[in-house]
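Residue strings, one per chain:
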Amino acid sequence: MKIRIGLGSCGIAAGALKVMEALKEELDSHNLKIEIQQTGCIGMCHKEPLLDIIDDNGQTFTYGKITEKDVKAIIEEHVIAGNPVEKHLVNSSQNPNDFLGEQVRVALRNCGIIDPEQIGHYTERGGYEALKKAITMSPGDIIEEIKTSGLRGRGGAGFPTWFKWNAARNNPGEIKYIVCNADEGDPGAFMDRSVLESDPHSVLEGMAIAGYAIGAAEGVIYCRAEYPLAIRRLELAIKQAKEKDLLGSNILGSTFSFNIRIKQGAGAFVCGEETALIASLEGERGMPRLKPPFPAQSGYWGKPTNINNVETFANIPWIIAEGGKAFAAMGSQTSKGTKVFALAGKIKRGGLVEVPMGLSLRDVIYKIGGGIKEDRNFKAVQLGGPSGGCIPVDLLDTPVEYESITATGAIMGSGGMVVMDETTCMVDVARFFLDFTQKESCGKCVQCRIGTKRMLEILERICNGEGRPGDIELLQEIALKVGEGSLCGLGQSAPNPVLTTIRYFREEYEAHINEKKCPAMQCKALITYRIDPDKCKSCALCAKKCPVNCITGEKKKPYVIDQEQCIKCGNCMEVCPTKFNAVIVE
Amino acid sequence: MYITINGTDYEVRGESTVLEVAQREGIYIPTLCHHPALEPYGACRLCLVEIIAGGRPGLTASCALPVSEGLVIETDSPRVHHVRQITMKLIMAACPDVPAVMELAEKLGVTDTPYQKASVPNSCVLCGICVRICSKVGTSAIGFAYRGSDRQVMGPWDKTPDTCLGCRACENVCPMGLIKFEEKDGVLIGEPFKSRVTMAKCSECGRFFTGAPMVGTLQQRVGLAVDLCPECQKTKEARLLAHAGGLGRYFNLEKQDH
Ligand SMILES: Cc1cc2nc3c(=O)[nH]c(=O)nc-3n(C[C@H](O)[C@H](O)[C@H](O)COP(=O)(O)O)c2cc1C
Ligand code: SF4
Ligand code: SF4
Ligand code: SF4
Ligand code: FES
Ligand code: FES
Chain A
126 MKIRIGLGSC GIAAGALKVM EALKEELDSH NLKIEIQQTG CIGMCHKEPL LDIIDDNGQT
186 FTYGKITEKD VKAIIEEHVI AGNPVEKHLV NSSQNPNDFL GEQVRVALRN CGIIDPEQIG
246 HYTERGGYEA LKKAITMSPG DIIEEIKTSG LRGRGGAGFP TWFKWNAARN NPGEIKYIVC
306 NADEGDPGAF MDRSVLESDP HSVLEGMAIA GYAIGAAEGV IYCRAEYPLA IRRLELAIKQ
366 AKEKDLLGSN ILGSTFSFNI RIKQGAGAFV CGEETALIAS LEGERGMPRL KPPFPAQSGY
426 WGKPTNINNV ETFANIPWII AEGGKAFAAM GSQTSKGTKV FALAGKIKRG GLVEVPMGLS
486 LRDVIYKIGG GIKEDRNFKA VQLGGPSGGC IPVDLLDTPV EYESITATGA IMGSGGMVVM
546 DETTCMVDVA RFFLDFTQKE SCGKCVQCRI GTKRMLEILE RICNGEGRPG DIELLQEIAL
606 KVGEGSLCGL GQSAPNPVLT TIRYFREEYE AHINEKKCPA MQCKALITYR IDPDKCKSCA
666 LCAKKCPVNC ITGEKKKPYV IDQEQCIKCG NCMEVCPTKF NAVIVE
Chain B
-9 MYITINGTDY EVRGESTVLE VAQREGIYIP TLCHHPALEP YGACRLCLVE IIAGGRPGLT
51 ASCALPVSEG LVIETDSPRV HHVRQITMKL IMAACPDVPA VMELAEKLGV TDTPYQKASV
111 PNSCVLCGIC VRICSKVGTS AIGFAYRGSD RQVMGPWDKT PDTCLGCRAC ENVCPMGLIK
171 FEEKDGVLIG EPFKSRVTMA KCSECGRFFT GAPMVGTLQQ RVGLAVDLCP ECQKTKEARL
231 LAHAGGLGRY FNLEKQDH
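Protein chains in written order, with the working numbering: chain A, 126 to 711; chain B, -9 to 248.
Quick caveat, the hints were computed from the structure, so don't treat them as lab data.
Only a predicted model underlies this, so the values are computations on that prediction, with no experimental measurement involved.
A virtual CB, placed ideally from N, CA and C, is assigned to each residue, including glycine.
Check the hints yourself; a few may be wrong.
Derived lysine-lysine pairs resembling DSBU-like cross-links, with alpha carbons at most 35 Å apart [as the list claims (entries may be wrong)]:
#  : chain 1 : residue 1 : chain 2 : residue 2
1  : A       : 641       : A       : 564
2  : A       : 564       : B       : 149
3  : B       : 126       : A       : 416
4  : A       : 388       : B       : 149
5  : A       : 197       : A       : 492
6  : B       : 107       : A       : 693
7  : A       : 660       : A       : 564
8  : A       : 416       : A       : 564
9  : B       : 226       : A       : 564
10 : B       : 107       : A       : 649
11 : B       : 97        : A       : 416
12 : B       : 224       : A       : 428
13 : A       : 669       : A       : 498
14 : B       : 174       : A       : 564
15 : A       : 642       : A       : 669
16 : A       : 190       : A       : 693
17 : A       : 212       : A       : 704
18 : A       : 416       : B       : 149
19 : B       : 170       : A       : 564
20 : A       : 660       : A       : 642
21 : B       : 107       : A       : 642
22 : A       : 681       : A       : 704
23 : A       : 564       : B       : 97
24 : A       : 662       : A       : 473
25 : A       : 272       : A       : 257
26 : B       : 107       : A       : 641
27 : A       : 190       : A       : 258
28 : A       : 388       : B       : 126
29 : A       : 669       : A       : 194
30 : B       : 226       : A       : 416
31 : B       : 97        : B       : 126
Some chain B residues near chain A, calculated using beta-carbon distances under 7 Å [stated by the list, open to error]:
#  : residue
32 : -8
33 : 33
34 : 77
35 : 88
36 : 107
37 : 135
38 : 139
39 : 141
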């Protein structure tokens, strides 16, 4: 028997360390010697903290939303008496839940299962076998295998991985570099963090194979400093791999040598762009450089450099071990394998999910995610973060594959998937993302530096009820030109949230501008809260919760909101008992 | 090698960019961040042209586009024209009422901008030519600060840049004429970068003539010993020539006061 506890950043934040303490105490008090294994993230964010009991038959029982107080019952009833505690059970081997059952795990194959701090756990599950195999192959054969797999970059653009490797391999040069892009700057995205925290060796192994294929002896992981746990586990993993002769000079007695080091970035979104990332690695200000030359021609210190995303690298060992054909067997015509998404927003079951390409957005959101919170109506799903766009309900059957998603005006991106319901204002969403890109623009080129700022100003005035006729056209015009004319991907993709929301939710823009109304009741300047005198039962709950004390009234008389002072926080509406429902928003 | 610009074929020998070829052939492409002494930078986006064939079709910065055989370029297609106008209007919004900007806008047929004008007017178009020339000079005394629309050029932390040589290269190249150096009591004062550079004295006439660090840097980097102001240098050279030409007796080779 074994007990496993999720200690990714997510689990720790949810209180898993306390559960761990309680667990140790409880086991001690019963004099039980059972191994407690830490693990990374299985992806069920909505159920953290998570605890697995793996019984002597190898059956796994997962308990979710565990607190210190629940530990006693689980130990006594399940571990000692052998009866699983149904109340907290969220998944089991015999009875997989829909969240995990619909997923196919390649990049996340070890996440939430192994202890990321023990290389033995990784090798037990076949880890580093792919590297062993790779160094007996020719670099050309490896690249051919990657080509067969159809793997495309998971960092956003979906460029065929084999092609970049091949270019870096064929470009002349004694010294070449492998760079792992772990900048993960999209707000709300945490796919790469989870992989690094939960299965760091898979990335190291992928990088080493890439190094062998292109002829590089050095790899650098560019990781944002805001990921301290990922960095600590990577450092440990590098150390362990070196001790086992899986990294360093003459790996496993071969002529192939490969070292990996970590470079911490300060977390600018633009530093995820590959040429800005290289500038930052070289100690320069993180600003994009002109392409060509591409990194494969002249990258880090002017040498041929291959940059891939964390998830791309995590797929590599699987492909080499299982064969490119097995990978290509999953997915659709143009997009092979699987894709990891960080499912968030107004969704019942949020978390990290890995699905085969080609699955429809509807299946991801409803089958895996369980549908919309509080059974509200689905409005849109945002893919690709600040570079992406909003996909409306009638395109919910769009399959998860690069071309189909691009056709909607959004992008596959690195895996951010934010679900929005009827309470989300689409103009406000566009404003939110533009605010982000405008702040994160490096400021080098005119289109992005000035253009995103001017777009933001227009969006702000629309949200403030000061929109003018013609604003939509003005927005579209700058958006198109910023997209066409910007120097790097940040500016080129920054207009996507604006363009897609105009394309699919134009009437919402029009309501803001022409009728000065926010249909989703979100834009503060355009809504008022009012108390219906017929429904108000003078319970005074709202008056107590109003942060600016602008609700007055007395017993038996309906309460009234002072519109002058109201800051539109919506607290009153929230606290008014549902049986009264006296607060109205208009 | 032949490339086609606006329907006409041009022969190109050796390496050059589309912008260079166009300039050579008298085809007008507006630029703000291009400087012939510097590498392409691609920041102002005014030089965008359209690739029709021979490359990835679409808009691209001509200052950074190397010519290649069979490249077909339009510098004035409707698409180029449109994006250029918007770019110009964006620059006008960020740098309202700056004469040099207005002049360029007029040349492109743009008279006003529909976008909100910057509340804090700024004349710097952030072409980065000063920063780049300074880095080429080898000191990188000035650089960029802040991101997005807050971007500015300045010395580190907006303080007097301690590596400024007083070479005045930046002053020379700024297309907006925003950088000014002045001599005051043996100190070269450069604005807006807050440069304060002690000057060197001419060993002949005793006048201050350049930043003292310049003298040391020239000596160190190119082995050139400069201890005379340009005028004394000229006189010295003339004297040497005259002497070599047998005219020495017409000159007083003794020290001469100004
Ligand atoms: C503004 C911007 C931000 C980016 N951020 C990331 C990032 O955080 N992680 C990443 O892997 N790729 C990011 N990319 C994409 C990279 O430039 C590059 O295409 C990618 O790392 C290549 O790896 P892949 O081929 O494995 O996808 C970003 C691109 C842009 C334009
Ligand atoms: S598009 Fe934006 S981030 Fe990219 S170079 Fe231009 S200003 Fe910088
Ligand atoms: S004068 Fe100073 S700031 Fe200007 S280019 Fe020369 S060294 Fe740089
Ligand atoms: S100061 Fe002049 S040269 Fe420097 S960035 Fe501004 S406009 Fe360009
Ligand atoms: S379970 Fe790990 S991020 Fe949610
Ligand atoms: S001159 Fe080419 S971008 Fe400025």
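In ascending order, which of the hints set out earlier in this document are inconsistent with the structure? 7, 9, 12, 14, 27, 30, 32, 35, 36 and 37
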